[in-house]
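2 protein chains.
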Amino acid sequence: MLDNIVSEILSSSKRAVARGITLVENESPSSSQLLKSLFKNTGRAHIIGITGPPGAGKSTVTNVLTKLLRKNNFKVGIIAVDPSSPFTGGALLGDRIRMQEIGTDADVFIRSMATRGSLGGLSRKAREACEILDASGKDFIIIETVGVGQSELDIAQTADTTIVVLVPESGDAVQTMKAGLMEIGDIFVINKSDREGADALSVALKTMLHLKMKETDDWDVKVVKTVGLQNKGIDELYKEIERHKTYLEKNGKLHEKRKENLIKQINELVNNKLENKFWTSERKKELEKNLEDIINRQSNPYDFVEELFKVESL
Amino acid sequence: MLDNIVSEILSSSKRAVARGITLVENESPSSSQLLKSLFKNTGRAHIIGITGPPGAGKSTVTNVLTKLLRKNNFKVGIIAVDPSSPFTGGALLGDRIRMQEIGTDADVFIRSMATRGSLGGLSRKAREACEILDASGKDFIIIETVGVGQSELDIAQTADTTIVVLVPESGDAVQTMKAGLMEIGDIFVINKSDREGADALSVALKTMLHLKMKETDDWDVKVVKTVGLQNKGIDELYKEIERHKTYLEKNGKLHEKRKENLIKQINELVNNKLENKFWTSERKKELEKNLEDIINRQSNPYDFVEELFKVESL
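So the sequences go chain by chain: R and U. The first sequence lines up with residues 1 to 314 when you count with our numbering. The second sequence lines up with residues 1 to 314 when you count with our numbering.
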């Protein structure tokens, strides 16, 4: 059965890709076998991370960018990482409706992944979903993350090209800097740039990027102004993506970046395995037994963990 | 020497607290001994998490709230979790200046922690810093997190009372929901509420909170309007904090919450220890040796990790 999914994913079956990602999302035992089989067919897609504060119009930018990529005959995969919500259980209806237009295209695959569950878990799953899309022959994979926190930044950073989407209203440039966005953007987009404040934000961003460039690398970060809903500035954004892609490929930077990501991935796999091995039923019982004592300060978590390691050899 | 720090922290020495937190931040070997010795004196402070999107005025709210807590003769510790920035190496100067006024108070301790380094690392260090402040006799500890991502939410959630600070401009209520903030707030603050849109946001928030309440618990989340810079609404905010504190204590909910946090803490300690044990120099060498092969798709990370576990027994 797994062989079937593998060959179907390799021949771009939307259904098989969806099933594969579901296996990954549910941490099904067969998912690791699947990823193992697909791995040699990965590494070809260019991965674009799109991040920025809530309300900046990341979904809209994703949407119009996808249309443009399709016009250029590229196959596109989209992973939207949404915080879970008890109201919706994941992506909001509005986003889904906006996405429907491109979603019916046979060469566009869209998937929302919710953040319910653990952090590390999510970035791992998003990466694994990318591998499946990559193996299925997508030319570009867009990972859209909602929010501007560390984990979302981490996810965006595993991309080859990271786009930070801002709006004139999303706070001044200093706030962007504080949110840690200045450091990760390969391209900055000021969306809804027909609104007041776009030029001021653009100037401030450019100044700060200029300051930053001196101390880091030789990639010249550009600020692109767009109006997503009117399809404005998207050509320029696409050109910047291509320019960054070429830059990465020419300088061996892509290799460097992917090496770093691989190390992270291996670390995650190791940690996951270690954790699963460690928490035997004996250790879980010990935890149950000792919690109250620790809460009542008759013991402490540091000594307890040392005891826990002595419970039995791994 | 460690005995000295322990007794000085217990007698509220600012200098000793600062040194203790530095030990924790640097992951110094003696930090675990320090935390072990302090643990029995913890669990008394009430921990307040303050979070929300960048620019909402969290620092200002922290500032005026601290002044009010001081007026009521409470001792206050503040941990500000800031994303790292190559420009500043941590907290921005502006925040530091704003904080100076309360920082000179002998019974207020302020510390910025940058997010450089690993994610998990940060939430662990923030929690450990809390333990030190707690042991030093602070009545309230405020953890302020910048950003609205998963890890920041995680940090805010380890608090006893989580305050979500919004501004009329920070996006509509739906955006708040998307950012995962609806689920974690015990109290909502609309800061800068003299600006346009405050009432609309308040109504929308209340409606959504009402919907949410039905399916969860019996705590009645309130929306408080403040103007931090004018000290408006802070009395009401303080009353809400006290009301929530009483609620938690009366219902055994505080115990429940702290139990959950303790389990998380133990998990983190275990993972940290497992990781350190696993990455022997032999395994690191193996990693070095195999990276290129994996990148070139002659091998895959999944098989490699399995091999890595066979390198030697733990």
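Check the hints yourself; a few may be wrong.
You can't tell identical chains apart in this list, so a pair holds if it fits in one copy or across any two.
Straight-line Cα separation of at most 27 Å, DSS-like style, residue types lysine-lysine; simulated pairs [to be verified]:
#: 1; residue 1: LYS289; residue 2: LYS273
#: 2; residue 1: LYS277; residue 2: LYS67
#: 3; residue 1: LYS71; residue 2: LYS14
#: 4; residue 1: LYS284; residue 2: LYS257
#: 5; residue 1: LYS250; residue 2: LYS289
#: 6; residue 1: LYS239; residue 2: LYS264
#: 7; residue 1: LYS259; residue 2: LYS284
#: 8; residue 1: LYS40; residue 2: LYS225
#: 9; residue 1: LYS310; residue 2: LYS225
It should be emphasised that the hints constitute simulated quantities derived from the structure, not laboratory data.
Checked hints:
For the homomeric pair LYS289 and LYS273, the shortest alpha-carbon distances inside one copy (25 Å) and between copies (21 Å) are both at most 27 Å. In the homo-oligomer, the alpha carbons of LYS277 and LYS67 never lie at most 27 Å apart, since the shortest distance is 46 Å inside one protomer and 49 Å across protomers. For the identical chains of this complex, LYS71 and LYS14 are intra-copy neighbours only, at 20 Å inside a copy versus 63 Å across copies, given an alpha-carbon limit of 27 Å. Taking identical chains as interchangeable, the C-alpha atoms of LYS284 and LYS257 lie at most 27 Å apart only when they sit on different chains, with a minimum of 19 Å there against 39 Å within one chain.
When the C-alpha separation of LYS250 and LYS289 is checked against a cutoff of 27 Å, the pair qualifies only between copies, where the shortest distance is 25 Å, while the shortest distance within a copy is 58 Å. In this assembly of identical chains, LYS239 and LYS264 lie within 27 Å of each other by CA distance neither inside one copy nor across copies; the values are 30 Å within and 45 Å between. For a Cα distance limit of 27 Å, the shortest separation of LYS259 from LYS284 across copies, 15 Å, qualifies, whereas the shortest one inside one copy, 36 Å, does not. Proximity of LYS40 and LYS225 under a CA criterion of 27 Å is satisfied in neither setting, with 38 Å inside one chain copy and 56 Å between copies.
Taking CA atoms no more than 27 Å apart as the test, LYS310 paired with LYS225 passes in neither setting, with 59 Å inside one copy and 52 Å between copies.
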